[in-house]
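*Asks:* The primary structure of each chain is shown beneath.
There are 2 protein chains.
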Amino acid sequence: MADENVVYVGNKPVMNYVLACVTQINRGANEIIVKARGRAISRAVDVAEILRNRFLLGKIDISDIKIATEQINRAEGGVANVSAIEITLSGGEETE
Amino acid sequence: MADENVVYVGNKPVMNYVLACVTQINRGANEIIVKARGRAISRAVDVAEILRNRFLLGKIDISDIKIATEQINRAEGGVANVSAIEITLSGGEETE
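Here the protein sequences come in this chain order: F and S. Just so we're aligned, residue 4 is where the first sequence starts under this note's numbering, counting upward by one. Just so we're aligned, residue 4 is where the second sequence starts under this note's numbering, counting upward by one.
Pulled out of the complex, with its shape left as it was, chain F reads as follows (with noise of 0.2 Å):
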């Protein structure tokens, strides 16, 4: 599993996140990895969704949901923590 086929999600637009991995599967990957943390989260489910319901619609599905607390330095000093999620996404069409 090569670091490429993750797709980080942040602030911008969904559909940014979207494109970017229809890019993914489009050159030929097989799974792609969607990450986030905190209020991000809500967006990487939301380009998940619109993956499996539109874009890639039969072409993948949801194969793992995992969850888990990341700490991140502040820039004042200290840490925090900071919840985070994984969803993979896998292609249905087997490669024999």
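Treat each hint with caution, since some may be false.
One copy or two, it doesn't matter: identical chains are merged, so the pair holds either way.
[Unchecked claim] Computed cross-link-like contacts, DSBU-like style, restricted to lysine-lysine with a CA-CA straight-line distance of at most 30 Å:
(1) K15 <-> K69
(2) K15 <-> K38
(3) K62 <-> K38
(4) K38 <-> K69
Worth flagging that the hints you see were computed from the coordinates, not collected in a lab.
Starting from the known structure of chain F, fit chain S onto it as the hints suggest.
*Replies:* Structure of chain S alone, referenced to chain F:
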């Protein structure tokens, strides 16, 4: 699975929902489903992570995470798609 074991996460402070879940578990619930839609999805993940790592550490674990798209009626008419999440937290202790 009775409906009383479902905690709907909205726009209140995260600790309100954490407390609601802890109360359910202390009343004997063996499973809780944390649900949220739209922007509250991030908060639902926070609730699950805080329960798992702090208040119910070793007592519960995440047994399932589902995401979906729901249709809601807009106040001004028409239908909008909104992402939703369901996080199932299950007790680690077996009841025999």
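*Asks:* Take the hints in turn and mark each one as holding or not.
*Replies:* Hint check results:
1. K15 <-> K69: Classified as both: same-chain Cα gap 22 Å, cross-chain 24 Å, threshold 30 Å.
2. K15 <-> K38: The answer is both: 14 Å in one copy and 25 Å across copies each meet 30 Å.
3. K62 <-> K38: both (20 Å within a copy, 27 Å between copies)
4. K38 <-> K69: both (10 Å within a copy, 16 Å between copies)
In this structure, every one of the numbered hints holds.
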